[in-house]
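Can you build the whole structure from these sequences, using the hints too?
Chain by chain, the residues:
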Amino acid sequence: MTIREYIELVFSDYTLRTITLGTAILGAVCGMLGSFAVLRKQSLLGDAISHAALPGIAIAFLITGAKNGNTLLIGALISGLVGTFWIRGIIKKTQLKSDTALGLILSLFFGFGMLLLTFIQKMPNANQAGLDKYLFGQAATLVEADVWLMGIVMTISVLVLFAFWKELKLLLFDVDYAKSLGINTIFLDILITSFIVLAIVIGLQTVGVVLMSAMLLAPAAAARQWTNSLGIMVLLAAIFGAFSGVLGTAVSASSNNLSTGPVIVLIAAIFVVFSFIFSPGRGLLFKEIRYWKNRNDLQLFKTLAFMQNIAKTHEDISHPHAIKILNNFQGYTKRSLKKLESREYITVAGGMWAMTQKGFDKATNLYNQQENTYD
Amino acid sequence: MREDCAIAVDDLTVAYNYKPVLWDIDLAIPEGVLMAIVGPNGAGKSTLIKSILDIIKPIAGSVRIFGKPYKQQHKEVAYVPQKGSVDWDFPTTALDVVMMGTYGSLGWIKRPRQKQRKLALEALEKVGMLEFKSRQISQLSGGQQQRIFLARALVQNASIYLMDEPFQGVDATTEKAIINILKELRKAGKTVIVVHHDLQTVPEYFDWVTFLNVKKIATGPVKDIFNDDNLTKTYGINYKVSVQQ
Numbered sequence: 001m002t003i004r005e006y007i008e009l010v011f012s013d014y015t016l017r018t019i020t021l022g023t024a025i026l027g028a029v030c031g032m033l034g035s036f037a038v039l040r041k042q043s044l045l046g047d048a049i050s051h052a053a054l055p056g057i058a059i060a061f062l063i064t065g066a067k068n069g070n071t072l073l074i075g076a077l078i079s080g081l082v083g084t085f086w087i088r089g090i091i092k093k094t095q096l097k098s099d100t101a102l103g104l105i106l107s108l109f110f111g112f113g114m115l116l117l118t119f120i121q122k123m124p125n126a127n128q129a130g131l132d133k134y135l136f137g138q139a140a141t142l143v144e145a146d147v148w149l150m151g152i153v154m155t156i157s158v159l160v161l162f163a164f165w166k167e168l169k170l171l172l173f174d175v176d177y178a179k180s181l182g183i184n185t186i187f188l189d190i191l192i193t194s195f196i197v198l199a200i201v202i203g204l205q206t207v208g209v210v211l212m213s214a215m216l217l218a219p220a221a222a223a224r225q226w227t228n229s230l231g232i233m234v235l236l237a238a239i240f241g242a243f244s245g246v247l248g249t250a251v252s253a254s255s256n257n258l259s260t261g262p263v264i265v266l267i268a269a270i271f272v273v274f275s276f277i278f279s280p281g282r283g284l285l286f287k288e289i290r291y292w293k294n295r296n297d298l299q300l301f302k303t304l305a306f307m308q309n310i311a312k313t314h315e316d317i318s319h320p321h322a323i324k325i326l327n328n329f330q331g332y333t334k335r336s337l338k339k340l341e342s343r344e345y346i347t348v349a350g351g352m353w354a355m356t357q358k359g360f361d362k363a364t365n366l367y368n369q370q371e372n373t374y375d
Numbered sequence: 001m002r003e004d005c006a007i008a009v010d011d012l013t014v015a016y017n018y019k020p021v022l023w024d025i026d027l028a029i030p031e032g033v034l035m036a037i038v039g040p041n042g043a044g045k046s047t048l049i050k051s052i053l054d055i056i057k058p059i060a061g062s063v064r065i066f067g068k069p070y071k072q073q074h075k076e077v078a079y080v081p082q083k084g085s086v087d088w089d090f091p092t093t094a095l096d097v098v099m100m101g102t103y104g105s106l107g108w109i110k111r112p113r114q115k116q117r118k119l120a121l122e123a124l125e126k127v128g129m130l131e132f133k134s135r136q137i138s139q140l141s142g143g144q145q146q147r148i149f150l151a152r153a154l155v156q157n158a159s160i161y162l163m164d165e166p167f168q169g170v171d172a173t174t175e176k177a178i179i180n181i182l183k184e185l186r187k188a189g190k191t192v193i194v195v196h197h198d199l200q201t202v203p204e205y206f207d208w209v210t211f212l213n214v215k216k217i218a219t220g221p222v223k224d225i226f227n228d229d230n231l232t233k234t235y236g237i238n239y240k241v242s243v244q245q
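Same order as they appear, the protein sequences are chains A and B.
So in the numbering used here, spot 165 of the first sequence is number 165, and the numbers just go up one at a time.
So in the numbering used here, spot 43 of the second sequence is number 43, and the numbers just go up one at a time.
Certain hints may be false.
Said to hold, decoys possible - Partial list, computed: chain A residues near chain B (C-beta under 7 Å):
#1 Met114
#2 Trp148
#3 Val160
#4 Ala163
#5 Phe173
#6 Asp174
#7 Ser180
#8 Asn228
#9 Leu230
#10 Ala354
#11 Lys358
Said to hold, decoys possible - Using 30 Å as the maximum straight-line C-alpha spacing, the simulated DSSO-like pairs for lysine-lysine come out as follows:
#12 B:Lys118 x A:Lys166
#13 B:Lys19 x A:Lys97
#14 B:Lys19 x A:Lys41
#15 B:Lys133 x A:Lys41
#16 A:Lys41 x B:Lys83
#17 A:Lys92 x B:Lys215
#18 A:Lys92 x B:Lys83
#19 A:Lys97 x B:Lys57
#20 A:Lys166 x B:Lys215
#21 B:Lys223 x A:Lys166
#22 B:Lys71 x A:Lys93
#23 A:Lys41 x B:Lys71
#24 A:Lys67 x A:Lys122
Simulated from the structure, these hints should not be mistaken for laboratory data.
For every residue, glycine included, the Cβ atom is placed at its ideal position computed from N, Cα and C.
The following block contains the structure:
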């Protein structure tokens, strides 16, 4: 199936439409909430939570014998939350650093989950097949009810973000200050963490335990590159996430049913790489360009300063001087003279140059930090 | 405990992992003073401020703000944290940070509006940062970031200001600008408490001082208690500063 056939199919084929819508919503929710994880420097938290959800899925299956999505998701939710609060507990009660606590819970829960999965696979029960889809995800198994669930989670998340926007912003930027204003930061912390857990759990079926954290982090990391406003960052992360979901589903469906989770994550990674290189404010490319531009400007200003020294010797600063005088100075080229002229710092006429008032002022203020910083 | 104090600290003890950081602190800070808290590194200066602000829970003792617990009084208190305590690469602007000072007086859901914006702009002007209002905060110098934090506290229009090392890493001009604002606050009847490191400037800047080194060494008017004896007790070495009064 080519991409074009796929696009036609999205509008006609019910299954594909369901899957596309599902991955789009999932990407948006994850991008939105992932921004909070990234800005709180809890990038690893998502990874720990998703891995911690695995034993919950297995135990839910062992207890109920059901393979239906929602039962297993409740198991995932419970063990994800248990893992999260254990992590918080370890950080609070012991002197271990948070990365140690996260790593510990991640491997412990994942190991236990894998153990249970292999145990289930050896059981004489044909029903067990398919649990391992939670490792890498299988978007093809999404049904309309799943998409509804995702839609509800997204709606509630958006409402919560709206209601607690300024408090959440304070929580992210300056927790102690938030506390001093009488804001209940523990409640906010639990609230936002719970929603992150929820977003992860509803994504497990599609993206899988192993790669789920990338869904949280990649869109947020990409979005951070483009803006200096929290609101726009969250919005952009949601958009990037949604596009990763849609494009990932398209690619995986059009090329021999490649596993959807990894493809979505790879697309999200492309967003990240593109943003790191091409974003105007923080991107590597523009940083490099600015660096060279600044270097050239400095070279130009050196020439200007030299010219000012000559101009100073006359009462009238606009007194013309021969261009030849500048030959003694290395910074002089025809191009730099043209540039200075185009900026109206000097005038050039018939082998002579003369300084303008503007150029003179500029040269005087060259080292004035207040005027030049960060412009 | 005196009820007419701006801040009354009673038998306050704080410990991190069994190690006491503050030991049995009694402190009565009268209203309208400009007070320095001095003491060596690890003396518990920041911890004392955070305990007053109810950010750190003590294992014993109590703190009263104008005779009531902090929870009921948080609108009376403004806090200037250490500059290094936040990530300045956070996606926000100088004006936005200053607006955070209005969040405490707004309820849930409510957004800051024109009125809050005006207050924030006024505060920015007061600290001489108006022209930087739209700048991303990572592109401010250390002194400018400190002034933004000060402006955020000014917006709160509180009665008590608690500041954790507001002079850290700022140049002489900014230090003068900040101290002038602090003196103005005192003139307006506010109580200002500052964690301070430069002992030389204590007599010039402050009228009240607390010596702290896990225990409270002394507290009172600078002219009465800022002497070599208390400095030696606090810093443990034989301290000599020339105190001009």
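A quick look at each hint next to the structure:
| no. | hint | verdict |
| --- | --- | --- |
| 1 | Met114 | violated (35 Å) |
| 2 | Trp148 | violated (27 Å) |
| 3 | Val160 | violated (11 Å) |
| 4 | Ala163 | holds (5 Å) |
| 5 | Phe173 | holds (5 Å) |
| 6 | Asp174 | holds (5 Å) |
| 7 | Ser180 | holds (4 Å) |
| 8 | Asn228 | holds (4 Å) |
| 9 | Leu230 | holds (5 Å) |
| 10 | Ala354 | violated (33 Å) |
| 11 | Lys358 | violated (22 Å) |
| 12 | B:Lys118 x A:Lys166 | holds (18 Å) |
| 13 | B:Lys19 x A:Lys97 | holds (18 Å) |
| 14 | B:Lys19 x A:Lys41 | holds (28 Å) |
| 15 | B:Lys133 x A:Lys41 | holds (26 Å) |
| 16 | A:Lys41 x B:Lys83 | holds (18 Å) |
| 17 | A:Lys92 x B:Lys215 | holds (26 Å) |
| 18 | A:Lys92 x B:Lys83 | holds (24 Å) |
| 19 | A:Lys97 x B:Lys57 | holds (21 Å) |
| 20 | A:Lys166 x B:Lys215 | violated (38 Å) |
| 21 | B:Lys223 x A:Lys166 | violated (44 Å) |
| 22 | B:Lys71 x A:Lys93 | holds (25 Å) |
| 23 | A:Lys41 x B:Lys71 | holds (29 Å) |
| 24 | A:Lys67 x A:Lys122 | holds (16 Å) |
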